[in-house]
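Let's have the full structure, built from the sequences with the hints guiding it.
Keeping their order, the protein sequence lines are chains A and B.
Quick note: the first sequence uses the numbering used here, first residue 16, plus one each step.
Quick note: the second sequence uses the numbering used here, first residue 16, plus one each step.
One or more hints might be untrue.
Just so you know, same-sequence chains aren't split out, so a pair can sit in one copy or run between any two.
Simulated pairs of lysine to any residue, SDA-like, Cα-Cα distance not exceeding 25 Å [stated by the list, open to error]: (1) K216 to N168; (2) K191 to G174; (3) K92 to T132; (4) K201 to A131; (5) K204 to N189; (6) K148 to K191.
What the hints contain is simulated information worked out from the structure, not anything from laboratory work.
2 protein chains.
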Amino acid sequence: MEKEEKTAIPPEKLSKILDIAQKRFARFGLTKTTMSDIADDLGVSKASLYYYFPDKECIFKKVMAREQGDFCLQMKKILESDKKIDAVLTTYIEHRIQYLKALINLGQLNHEAFHATKPLYSALGKEFFEREKNLIAEILQKAITRNEIQKINVDEYAGFFVHVLRSLRLYTLNIKELWEQGVIDKQVKKEYMFFTKIFLKSIEKV
Amino acid sequence: MEKEEKTAIPPEKLSKILDIAQKRFARFGLTKTTMSDIADDLGVSKASLYYYFPDKECIFKKVMAREQGDFCLQMKKILESDKKIDAVLTTYIEHRIQYLKALINLGQLNHEAFHATKPLYSALGKEFFEREKNLIAEILQKAITRNEIQKINVDEYAGFFVHVLRSLRLYTLNIKELWEQGVIDKQVKKEYMFFTKIFLKSIEKV
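See below:
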């Protein structure tokens, strides 16, 4: 069973806890952080932190979810811009890589820690998939309306686009040497760009 | 350190050992098979089997490598046919799914066993990547010569094509529910077909 937040927290209080916890996670990583550490940083008792959260993983998930929300908000703004679809998708990909890099840095993850923390990330991942799919569908729909691309089934294409991005990244994250060489992002970006090129080419107006 | 075959085996002898071992693996799976079982099936002593192979994993790898060779031979034949690129790639994908399904059946793998056996498969996978890449490059080159597709960098496109197929499959293999529902192949095929459609569309002659 997944542990969830125990008691509803007032928004300002939640925001403060997440700010403080995020700083600690970013500095010491998830594994080296304890509930006591976070309570100390907040200047509250451990018991009062446990009143709201069953464990540090739950706090970590909340921090990640907040980051995800920020990412989607940023992307919404880019969507509202007047750029063409290829520029929008390129920006999307750059932001996606930055966001996911931030998540990994947040947990101070390496290849081993990544595997251990997978379930934590995968729960958030399902939600993120839907959000990304909707964003990409919106991007495609807008491009159809502007006559930039062919009339396609936007939901199907959006879902597949996001699925390929995820699959490519997962594959790369599984290669230990790439973590060691610190070239995960570089490799992922290269593949994302190539795929986006093919994807756009396949739906361009002829 | 990876264990390798200890002593060179005469081809007919090797072929017989692999035939017999393959039958047992296919029936009982890798984990439930012992070196004694294989030696018994062959009607030889365990010591004489150990003379050639350090462990059952080494035999298993040889069986898998042989299957891979068969797959590539089959594909070479299809390449020599007169079909157009979309038909060739579709056939390729169908064969690929069948071949990989055979490998999984051979090990009697489920979601857990798959994860435990991953290193075994990944060694073979690297070699397979190169073989597949070369096959796809040949398919693309032929299509260019026949004026069916645009002039592209065949090595780059072939490598990316195979990489996406692998990434998509790995992602699906990581989803436990799909193993339980027995729909891995169905799901993988759907994604392969969609990707192939996009891929071909992006390089078609306009």
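Okay, the hints, checked on the actual structure:
With identical chains, the CA atoms of K216 and N168 are at most 25 Å apart both within one copy (16 Å) and between copies (15 Å). With identical chains, the CA atoms of K191 and G174 are at most 25 Å apart between copies only, with a shortest distance of 20 Å across copies and 28 Å within one. For the homomeric pair K92 and T132, neither the shortest alpha-carbon distance inside one copy (31 Å) nor that between copies (45 Å) is at most 25 Å. Taking CA atoms no more than 25 Å apart as the test, K201 paired with A131 passes inside one copy only; the shortest distance there is 23 Å, against 29 Å between copies.
In the homo-oligomer, the alpha carbons of K204 and N189 lie at most 25 Å apart both inside one protomer (16 Å) and across protomers (22 Å), since each shortest distance falls under that limit. With identical chains, the CA atoms of K148 and K191 are at most 25 Å apart between copies only, with a shortest distance of 22 Å across copies and 29 Å within one.
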